[in-house]
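2 protein chains.
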Amino acid sequence: MATLNLPAIDPASVAEQRTTSYPEPFRARVAGRSKRKLGDACGLTRFGVNLVTLAPGGESALRHWHTLEDEFVYVLSGEVVLVTDAGMQTLTAGMCAGYPAGKRDAHHFVNRGTAPATYLEVGNRTDGDNAFYPDDDLLWCEDENGVYAAHKDGRRY
Amino acid sequence: MATLNLPAIDPASVAEQRTTSYPEPFRARVAGRSKRKLGDACGLTRFGVNLVTLAPGGESALRHWHTLEDEFVYVLSGEVVLVTDAGMQTLTAGMCAGYPAGKRDAHHFVNRGTAPATYLEVGNRTDGDNAFYPDDDLLWCEDENGVYAAHKDGRRY
Numbered sequence: 015m016a017t018l019n020l021p022a023i024d025p026a027s028v029a030e031q032r033t034t035s036y037p038e039p040f041r042a043r044v045a046g047r048s049k050r051k052l053g054d055a056c057g058l059t060r061f062g063v064n065l066v067t068l069a070p071g072g073e074s075a076l077r078h079w080h081t082l083e084d085e086f087v088y089v090l091s092g093e094v095v096l097v098t099d100a101g102m103q104t105l106t107a108g109m110c111a112g113y114p115a116g117k118r119d120a121h122h123f124v125n126r127g128t129a130p131a132t133y134l135e136v137g138n139r140t141d142g143d144n145a146f147y148p149d150d151d152l153l154w155c156e157d158e159n160g161v162y163a164a165h166k167d168g169r170r171y
Numbered sequence: 015m016a017t018l019n020l021p022a023i024d025p026a027s028v029a030e031q032r033t034t035s036y037p038e039p040f041r042a043r044v045a046g047r048s049k050r051k052l053g054d055a056c057g058l059t060r061f062g063v064n065l066v067t068l069a070p071g072g073e074s075a076l077r078h079w080h081t082l083e084d085e086f087v088y089v090l091s092g093e094v095v096l097v098t099d100a101g102m103q104t105l106t107a108g109m110c111a112g113y114p115a116g117k118r119d120a121h122h123f124v125n126r127g128t129a130p131a132t133y134l135e136v137g138n139r140t141d142g143d144n145a146f147y148p149d150d151d152l153l154w155c156e157d158e159n160g161v162y163a164a165h166k167d168g169r170r171y
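Line by line, the protein sequences are chains A and B.
For the first sequence, the working numbering assigns the number 15 to the initial residue and increments by one for each residue that follows.
For the second sequence, the working numbering assigns the number 15 to the initial residue and increments by one for each residue that follows.
Just so you know, the hints here were simulated from the structure itself, not pulled from any lab data.
Please note that a few of the clues may not be correct.
If chains are identical, the list can't say which one is meant, so a pair holds when it fits in one copy or spans any two.
In silico lysine to aspartate or glutamate, EDC-like type, Cα no more than 20 Å apart, as pairs [unchecked claim]:
no., residue 1, residue 2
1, 51, 149
2, 49, 30
3, 166, 149
4, 51, 135
5, 51, 38
6, 117, 54
7, 49, 157
Let the sequences and hints guide you as you build the complete structure.
Structure below.
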């Protein structure tokens, strides 16, 4: 395979990242998740596109919904369980899901299998977007210095 | 495979579309392209996600660049040739490309092989976006009634 030049990239050339902005005790739940930020690598700013590898037992995120961000996921390999308010559905390679901004149906993927799963995730970037977590004691609060993680009663993490 | 319910979908359940807003004589060049509008099927509005099948000989679009739309493409199967101002690169399954809004490097895919290729394409939706076509006698012009296709000298198609 010849080396690709921008605007094309081989995802294998993009570093894998395991960062999360979640406070403890939530970090361990997404420790099985690594992301290659493909959109950023191409210089895109209006939306993000990540190639995610989810290890067995890993969660894509805490189950959440966004106020101003549409999200879309397309499964490339392996098998993931999509959890929403309606329950669980298993998605295999070639299946997808989309979460419209403002729809209060929290969602995430869990890998309940024994092999890694990979998927693409897409989300638009919009100032003022927020996310809510019905299953967990987590809120993002904002004061004049910016956004911080808080318990649902308002105490800071 | 069990039937999926929203927010998940099986792309096979989404109708294939072959529409184009290009005037003649350009339509034949994208006749080999069919799209399943996955983002729309999920109710997304902030960006589009299409699963595209490109037949041998087909073009993804006339070579173009957008003023306000980031675009991203991820090849799922087969092989396509990416054409930009810098020349041609061949992309196979698992390769991708991203085109930042406002970057004046026109791009498209051509299927020069003997088998269909499939890819995902993503683009944000932004009022006032326009596209330019360096290789073809095509412009989108706007008057008080909206947008129309014109020759580069301004005459309407």
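Evaluated hints:
1. 51 <-> 149: Neither: 27 Å inside a chain and 32 Å across chains, both beyond 20 Å.
2. 49 <-> 30: within (5 Å within a copy, 31 Å between copies)
3. 166 <-> 149: within (11 Å within a copy, 57 Å between copies)
4. 51 <-> 135: For residue 51 and residue 135, the Cα distance is within 20 Å both inside one copy (10 Å) and across copies (16 Å).
5. 51 <-> 38: neither (24 Å within a copy, 39 Å between copies)
6. 117 <-> 54: Intra 26 Å, inter 15 Å, cutoff 20 Å: inter-copy only.
7. 49 <-> 157: Answer is neither: 29 Å inside a copy and 45 Å across each miss the 20 Å cutoff.
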